[in-house]
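Asker: Could you build all of it, start to finish, from the sequences and the hints given here?
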Amino acid sequence: MNLRKVFALYTIGFIGVTILIGIAEWLFDLPNRWIGWIFMALSMGIYIVIGIVTRTSEADQYYVAGRGVPAVFNGMATGSDWMSAASFISMAGALSAQGFGGLAYVMGWTGGYLLLAVFLGPYLRQFGRYTIPDFLGARYGGNAARIVGVVAAILASFTYLIAQVTGVGLIVSRFIGLPFQVVVFVGLIGCLFCSVLGGMRSGTWTQVSQYIILIVSYLVPVVVLSFQLFTIPIPQLTYGQLLQRNNARVVELARDPQNVATREAWAAESKQLAERLKDPALPPAEKAKIEAAKKTADGQAKPLIGPNDKVENYLKVPTGTGMWNFLALTFCLMVGTAGLPHILTRYYTTPSVRQARQSVAWSLLFIFLLYFTAPAYASFARNAVFSNLVGSSVSDLPRWVTLWAPAGLFSVVDKLGDGVVQLGDFVVKSTDFVVLATPEIAGLPFVITGLVMAGGLAAALSTADGLLLTIANAISHDLYYNVINPKASLVRRLTITKVLLIVTALIAAWTATFRLAIIVELVAWAFSLAAASFFPALVMGIWWKRANKPGALAGMIVGLGTTLYYMVGSRFFGVSWFGTTTVASGVFGIPLGFLTIWIVSLLTHAPEKEMQDLVTEIRYPRSGGVAAPGRVVPVPS
Amino acid sequence: MVSQLTPEQRERYWKYNIRLTVILLVIWFVVAYVLGGLLAGQLNRFVILGFPLGYYIAAQGSLAVFVVEIAVYARLMNKKDLEFGIREEATP
Numbered sequence: 001m002n003l004r005k006v007f008a009l010y011t012i013g014f015i016g017v018t019i020l021i022g023i024a025e026w027l028f029d030l031p032n033r034w035i036g037w038i039f040m041a042l043s044m045g046i047y048i049v050i051g052i053v054t055r056t057s058e059a060d061q062y063y064v065a066g067r068g069v070p071a072v073f074n075g076m077a078t079g080s081d082w083m084s085a086a087s088f089i090s091m092a093g094a095l096s097a098q099g100f101g102g103l104a105y106v107m108g109w110t111g112g113y114l115l116l117a118v119f120l121g122p123y124l125r126q127f128g129r130y131t132i133p134d135f136l137g138a139r140y141g142g143n144a145a146r147i148v149g150v151v152a153a154i155l156a157s158f159t160y161l162i163a164q165v166t167g168v169g170l171i172v173s174r175f176i177g178l179p180f181q182v183v184v185f186v187g188l189i190g191c192l193f194c195s196v197l198g199g200m201r202s203g204t205w206t207q208v209s210q211y212i213i214l215i216v217s218y219l220v221p222v223v224v225l226s227f228q229l230f231t232i233p234i235p236q237l238t239y240g241q242l243l244q245r246n247n248a249r250v251v252e253l254a255r256d257p258q259n260v261a262t263r264e265a266w267a268a269e270s271k272q273l274a275e276r277l278k279d280p281a282l283p284p285a286e287k288a289k290i291e292a293a294k295k296t297a298d299g300q301a302k303p304l305i306g307p308n309d310k311v312e313n314y315l316k317v318p319t320g321t322g323m324w325n326f327l328a329l330t331f332c333l334m335v336g337t338a339g340l341p342h343i344l345t346r347y348y349t350t351p352s353v354r355q356a357r358q359s360v361a362w363s364l365l366f367i368f369l370l371y372f373t374a375p376a377y378a379s380f381a382r383n384a385v386f387s388n389l390v391g392s393s394v395s396d397l398p399r400w401v402t403l404w405a406p407a408g409l410f411s412v413v414d415k416l417g418d419g420v421v422q423l424g425d426f427v428v429k430s431t432d433f434v435v436l437a438t439p440e441i442a443g444l445p446f447v448i449t450g451l452v453m454a455g456g457l458a459a460a461l462s463t464a465d466g467l468l469l470t471i472a473n474a475i476s477h478d479l480y481y482n483v484i485n486p487k488a489s490l491v492r493r494l495t496i497t498k499v500l501l502i503v504t505a506l507i508a509a510w511t512a513t514f515r516l517a518i519i520v521e522l523v524a525w526a527f528s529l530a531a532a533s534f535f536p537a538l539v540m541g542i543w544w545k546r547a548n549k550p551g552a553l554a555g556m557i558v559g560l561g562t563t564l565y566y567m568v569g570s571r572f573f574g575v576s577w578f579g580t581t582t583v584a585s586g587v588f589g590i591p592l593g594f595l596t597i598w599i600v601s602l603l604t605h606a607p608e609k610e611m612q613d614l615v616t617e618i619r620y621p622r623s624g625g626v627a628a629p630g631r632v633v634p635v636p637s
Numbered sequence: 638m639v640s641q642l643t644p645e646q647r648e649r650y651w652k653y654n655i656r657l658t659v660i661l662l663v664i665w666f667v668v669a670y671v672l673g674g675l676l677a678g679q680l681n682r683f684v685i686l687g688f689p690l691g692y693y694i695a696a697q698g699s700l701a702v703f704v705v706e707i708a709v710y711a712r713l714m715n716k717k718d719l720e721f722g723i724r725e726e727a728t729p
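First to last, the sequence lines map onto chains A and B.
Heads up: the first sequence begins at 1 in the numbering used here, then just goes up one per residue.
Heads up: the second sequence begins at 638 in the numbering used here, then just goes up one per residue.
If you're looking for bench data, these hints aren't it; they were derived computationally from the structure.
Fair warning: there could be bad hints in the mix.
The calculated label-pair distances, taken between Cβ atoms and stated as ranges, are [claimed, not checked]:
no., chain 1, residue 1, chain 2, residue 2, range
1, B, K652, A, K487, 40 to 48 Å
2, A, T604, B, V705, 37 to 45 Å
3, B, V705, A, E286, 51 to 59 Å
To be clear about the criterion: a stretch of chain A counts as covered by chain B if any three or more of its residues have a C-beta under 8 Å from a C-beta of chain B, and this derived list gives those stretches [claimed, not checked]:
no., region
4, 270-284
5, 351-362
6, 615-621
Computed from a predicted model, the values in this text were never measured in an experiment.
We put the CB at the ideal spot given by N, CA and C, even for glycine.
Answerer: Below is the structure:
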């Protein structure tokens, strides 16, 4: 049976089982917790079986899936490798809160693939190595570039990994009811099955199966909602009307006397808290508490629209510094997308350069399906809140509010004490509930919530999988095999990789149990870090034969250093260049990285002639890759 | 195989690649940063099916353009490869 048939059957089977669970819910009144358990056991079971079936101990299979993954499937695997808890759980929520400003994420996380397609993907495949630090080591020679690559890869991947583990914990603890601390470890066991036994090979095929689950589960709730509201099951088309409807509703609410009174009550509370903060004898713990309360009050007191405005802030395009930050963030996310090692390595796994090119196109098509749905998801969620929550009675809140309240992502405060929920009474602490709760908000059967849960789990696990492999391979292949012990046998290397996978997973799970608030920010930073460290060195290494080792080293260090400096400086010490936000820190490091590579390379010796010829050679695809291990690679002295 | 390409052919192949790359990047830049960013406010005055145009480009239009661009790139470059007789054997 060929692969297409297998995965077509798998998709039909998964949808079939979902429908069966739906029928069972309807007929036997299946408890929600059971449905949660069934979906988790079912999806984890699938991943574990695939992990066992595709186990391998050959180097080419373990590191690059034998370079035999057809373009379409590599596209799907890249899709789920790429789409993490941030894309699946957080993005639509962020859009519903930020409106136009949030679209920087939508454009940034897709537009980066064009950079990847034309600058990197096919050429990395043609070069034919195993990892990204491996490319740096082979292209620039010596171990220094390789080691800087390893450090940057771990730095970017590990923060990202913790966020995925946290995502798994949130989902499973909410729907299954196991404690968060237990769940993160359980989730990682499932993840390890996919990577320890078969490396990139089993990683690839589980990621394909995870993509199918995540895309089905993301589309189903919005398609159903679109059909309910407009009788057209294409949410991406119908939500335009919803944008207008939500806008009209917000304009109306902004003039509503009860709602205005609520906002004034919040403003009064903010003023009162400000008075209390002036007390110099306030203990620090108390002070932090009051500051947090004041921030909430300020947020709730903000007017929905300007006086005389007819358009809500949601649709407003930022101007001035706001526009600069929008563009800078979009840029950083795009370049970061093209610089993240766990994505780049996926293009080593295709059989040829031709397929690497096609594979980038497939990747983005599969990613596009989720991303162009996210703004629609956000609009349907807002509409559900406006029509389902606002105006309802406080003593008889909708079911989803009581179900979700313990998770602490939002609360309903009857500020006026009038017994009616005003928009200003809805205090959102984290918009992460939006995607997961929308099926419940809209009153859909619980089976759809179970489906979304399985999808979120798939998104987080598949990304965690790719990240774990990237970290473990960077240490075992690049650091241990290439730097410390080049004579190590394959068996030994693979054993070390497996041990590292388990150790990294345990450290990540352990770190996640602390639930550090800074994790969300660290993820946004990971993009800027990857963008400023890898992208310039990779692009120059491929496109400019004169680029040399000192140039690349200096470029990576300057790019990384500038970005780190601005991140920490702007976040904690009030540094500000052109008013740039901390999440767009890479906007300075990226061009500086390019500039440094250029200048330092010209000031130092040109690379050996063999290396220069090799760089010209990767322009013309041929079988096997020009610098594949086993081929004679000229190493500059 | 590569060895069959004459220097003149190699030059033509690479020039073609560069030209295609530049055209695609210009479109990418205009769509994402000019239409979806700088001019989005002005474009929002036009509303189609409820979508303000600037919002629509940033939320969905630009994404579709990126997908098409990459597909076009893969198609044209792969065609060019065949035209120049660049054929990779499938690696086992």
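Asker: Hint by hint, work out which the structure violates, then give me just those numbers in ascending order.
Answerer: Per hint list: single violation, 4.
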